[in-house]
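Enquirer: What follows is the residue order along each chain.
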Amino acid sequence: MKKLSARRRHPLAAVVVLLLALAATGGLYAAFAPADKAQAEETAQSLAIDEGKKLYSVGCSSCHGTGGQGGSDGPSLVGVGSAAVDFQVSTGRMPAQQPGAQVPKKKAIYSQAEIDQLSAYIASLGAGPVTPTEKQYNPEGADIGKGGELFRNNCAQCHNFTGQGGALTHGKYAPNLADVSPKHIYEAMQTGPQNMPSFPDTTMPEQQKRDIIGYLQSVNSEKADNPGGLTLGGLGPVSEGLFAWIFGLGALIGVAVWVAARTAKARKS
Amino acid sequence: MSTQDIPEENLPSEQDAGHAAVAEADAKDPFADPGLPPHEHRIQDIDERAAKRSERTVALLFTLSMVATVAFIASFVAFPVDKIVYIFPFGRISALNFSLGLTLGIALFCIGAGAVHWARTLMSDVEIADERHPIEATPEVKAKVMDDFRQGAKESGFGRRKLIRNTMFGALTLVPLSGLVLLRDLGPLPEDKLRHTLWSKGKLLVNQNTNEPLRPSDVRVGSLTFCKPEGLEEHDHDFQTQIAKAALMVVRIKPDDIKDKQQREWAHEGIVAYSKICTHVGCPISLYEQQTHHVLCPCHQSTFDLSDGARVIFGPAGHALPQLRIGVNEEGYLEALGDFEEPVGPAFWERG
Numbered sequence: 001m002k003k004l005s006a007r008r009r010h011p012l013a014a015v016v017v018l019l020l021a022l023a024a025t026g027g028l029y030a031a032f033a034p035a036d037k038a039q040a041e042e043t044a045q046s047l048a049i050d051e052g053k054k055l056y057s058v059g060c061s062s063c064h065g066t067g068g069q070g071g072s073d074g075p076s077l078v079g080v081g082s083a084a085v086d087f088q089v090s091t092g093r094m095p096a097q098q099p100g101a102q103v104p105k106k107k108a109i110y111s112q113a114e115i116d117q118l119s120a121y122i123a124s125l126g127a128g129p130v131t132p133t134e135k136q137y138n139p140e141g142a143d144i145g146k147g148g149e150l151f152r153n154n155c156a157q158c159h160n161f162t163g164q165g166g167a168l169t170h171g172k173y174a175p176n177l178a179d180v181s182p183k184h185i186y187e188a189m190q191t192g193p194q195n196m197p198s199f200p201d202t203t204m205p206e207q208q209k210r211d212i213i214g215y216l217q218s219v220n221s222e223k224a225d226n227p228g229g230l231t232l233g234g235l236g237p238v239s240e241g242l243f244a245w246i247f248g249l250g251a252l253i254g255v256a257v258w259v260a261a262r263t264a265k266a267r268k269s
Numbered sequence: 001m002s003t004q005d006i007p008e009e010n011l012p013s014e015q016d017a018g019h020a021a022v023a024e025a026d027a028k029d030p031f032a033d034p035g036l037p038p039h040e041h042r043i044q045d046i047d048e049r050a051a052k053r054s055e056r057t058v059a060l061l062f063t064l065s066m067v068a069t070v071a072f073i074a075s076f077v078a079f080p081v082d083k084i085v086y087i088f089p090f091g092r093i094s095a096l097n098f099s100l101g102l103t104l105g106i107a108l109f110c111i112g113a114g115a116v117h118w119a120r121t122l123m124s125d126v127e128i129a130d131e132r133h134p135i136e137a138t139p140e141v142k143a144k145v146m147d148d149f150r151q152g153a154k155e156s157g158f159g160r161r162k163l164i165r166n167t168m169f170g171a172l173t174l175v176p177l178s179g180l181v182l183l184r185d186l187g188p189l190p191e192d193k194l195r196h197t198l199w200s201k202g203k204l205l206v207n208q209n210t211n212e213p214l215r216p217s218d219v220r221v222g223s224l225t226f227c228k229p230e231g232l233e234e235h236d237h238d239f240q241t242q243i244a245k246a247a248l249m250v251v252r253i254k255p256d257d258i259k260d261k262q263q264r265e266w267a268h269e270g271i272v273a274y275s276k277i278c279t280h281v282g283c284p285i286s287l288y289e290q291q292t293h294h295v296l297c298p299c300h301q302s303t304f305d306l307s308d309g310a311r312v313i314f315g316p317a318g319h320a321l322p323q324l325r326i327g328v329n330e331e332g333y334l335e336a337l338g339d340f341e342e343p344v345g346p347a348f349w350e351r352g
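One line per chain: the protein sequences are Z and U, in this order.
Just so you know, we're using the UniProt record's numbering here: the first sequence kicks off at 1 and counts up by one.
Just so you know, we're using the UniProt record's numbering here: the second sequence kicks off at 1 and counts up by one.
Treat each hint with caution, since some may be false.
[Unchecked claim] Example chain Z residues on the side facing chain U (calculated, C-beta under 8 Å, incomplete): (1) LYS54; (2) THR202; (3) GLY229; (4) ALA264.
[To be verified] Label pairs and their calculated CB-CB ranges: (5) Z:GLN102 - U:ASP256: 20 to 30 Å; (6) U:ASP82 - Z:ALA44: 52 to 62 Å; (7) U:ASP82 - Z:ASP73: 33 to 43 Å; (8) U:ASP256 - Z:LEU22: 39 to 49 Å; (9) U:VAL70 - Z:ALA261: 32 to 42 Å; (10) U:ASP192 - Z:PRO104: 45 to 55 Å; (11) U:GLU350 - Z:ASP73: 48 to 58 Å.
Simulated from the structure, these hints should not be mistaken for laboratory data.
Please read all numbers here as calculations on a predicted model, not as lab measurements.
Every residue, glycine too, gets a C-beta built ideally from N, C-alpha and C.
Working from the sequences, and respecting the hints, build out all of it.
Expert: What follows is the structure in structure tokens.
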């Protein structure tokens, strides 16, 4: 002991202690981890959860906490379900680039396989809405008229009558739904991303969600009819009035100036 | 001065004379009134063939307008209302709307363009100055009018026969009353309709999407559901009248997040039911943000905090949204425990 004690002020002493501590932590982890691992490797699902956990630790844990319990920078992910993860990550909203009023849509960072693994991990934290299958969200054969009625009653207050989006409080907004895939619309209704309220199957059954998706496709796609011509953003009288004031009145003033500027006299001055 | 019939060869000398006169004035008095600039002729004033050309152009524009009007009527008859055609850059547009707009636009534009062209090239363009004159009447006329009035008043005996004068004043004062009485016919007063809705004790909360009564387990935290009172159906003749007052939004907030004590008592396990009608001017208001619990009105940006008794936190609304007191009946369905305690929607004179 005297030998050790004598060297306790050696410049390398701190490094040696740190190495010993790290070795002890690693050793303890190795001693306890295998029990979990043996259980987890039984099925492919568990493997996905494991892979998802690794991805989560790297990409998500800094805000949502090491166990998905949430923190000051991100909400708890316990019970949000795989549908929420699939929506947030495959629309590129998560991982978020910077804090702000609302996290915008951007290019997705993870591949679909990685998203599935992340979803499996988050779903394992607590029961929540499950990623829908194509049968659930495919709007084939949907009742478009009924969908329109449901959309106007439940969604149009924020997303506008044809899903063009609109402003909310303090810089938040309801996004345009024109190029959102049916799967993501379905997941958004199910999970209520960010400040959007959710419309769970208990209050809005699956078939009604399909009707809404069918309605949105019929009014928003490239092939949609626009009896009135230019939609001007589909925002109603505000944009139409602005267009009339700026371009309509502008053209009238332009013509008036043009007529008055040209002299009718034979002798040009 | 008429310049229309001055031969062409006389024009330059006339204009020279005009310029000379102005120059002379400059020499004597630098601030003399320069008068109107000399009149210059248009090509149509000088050349009869150019005038004929202008006439034909104007006539052509008016004829084009007539053709466009005929085309307007023809397309109104020809195109069915639901026919869709692709026209760049408008996209898939209604054939009827497009042709009506185009032909009416041409018809109106050609009338305007023809009139402008006519006025610019053919109508007289000589500037004429009219001198101002006083609008006051002459003293003789004024004296005559005053004399006539005085004599008329004297002959009528207006000042002497006081009985006639006073009864006339009475009659003239009473006549407008008949108009006031007629105002009473402007429909019945609302009585207490503004204070009551269809909600009453024991009425179930029916989900407007499914037309089924709601159970507490149906309403998740963060979800938004719209409800109507049990017994009100969409095909009822007074559906719109009733739902305009009874419209209800149901959200679920974690009970710990509810700041208002009364709100927590009137809720059921965090399920709160609020009127969907803005208390400012009565717009349907349901732009609910599930993280902040703010509800925004799209008309004038009034914002209510659903986690704090729906009090107004921004905008022109004057009252918190009325809350409906709810509970659960024996069969496990959500039910109202009475009507709204205060009138829903915008304030009115007698609201108190």
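Enquirer: Return holds or violated for the Cβ distance of VAL70 of chain U and ALA261 of chain Z against the range 32 to 42 Å.
Expert: holds (34 Å)
Enquirer: A range of 48 to 58 Å was offered for this pair. Does it hold for the Cβ distance of GLU350 of chain U and ASP73 of chain Z?
Expert: holds (52 Å)
Enquirer: Is 39 to 49 Å respected by the C-beta to C-beta distance linking ASP256 of chain U and LEU22 of chain Z?
Expert: holds (41 Å)
Enquirer: Given a hint of 52 to 62 Å, does the C-beta separation of ASP82 of chain U and ALA44 of chain Z actually sit inside it?
Expert: Roughly 53 Å apart at Cβ, these two residues keep to the hinted range, so it holds.
Enquirer: Taking 45 to 55 Å as the hint, is the beta-carbon distance of ASP192 of chain U and PRO104 of chain Z inside that range?
Expert: For PRO104 of chain Z against ASP192 of chain U, whose Cβ atoms are near 50 Å apart, the range 45 to 55 Å holds.
Enquirer: Answer holds if the nearest beta-carbon of chain U is closer than 8 Å to that of THR202 of chain Z; otherwise answer violated.
Expert: At 4 Å from the nearest chain U Cβ, THR202 of chain Z passes the 8 Å test, so the hint holds.
Enquirer: At a threshold of 8 Å, is the proposed contact between ALA264 of chain Z and chain U supported by beta-carbon distances?
Expert: Where the cut-off is 8 Å and the nearest Cβ of chain U is about 5 Å from ALA264 of chain Z, the hint holds.
Enquirer: So does ASP82 of chain U sit 33 to 43 Å from ASP73 of chain Z, Cβ to Cβ?
Expert: With a Cβ separation near 53 Å, ASP82 of chain U and ASP73 of chain Z fall outside 33 to 43 Å, so the hint is violated.
Enquirer: Checking hints one by one. Is GLY229 of chain Z an interface residue toward chain U, by the C-beta closer than 8 Å rule?
Expert: At about 4 Å, which falls below the 8 Å cut-off, the nearest Cβ of chain U leaves the hint on GLY229 of chain Z intact, so it holds.
Enquirer: So, as I understand it, the hint says LYS54 of chain Z touches chain U; can you test that by seeing if any CB pair is closer than 8 Å?
Expert: At about 29 Å, which exceeds the 8 Å cut-off, the nearest Cβ of chain U leaves the hint on LYS54 of chain Z violated.
Enquirer: For the hint 20 to 30 Å, verify it against the beta carbon of GLN102 of chain Z and that of ASP256 of chain U.
Expert: holds (25 Å)
Consistency note: the structure conflicts with the earlier hints numbered 1, 7.
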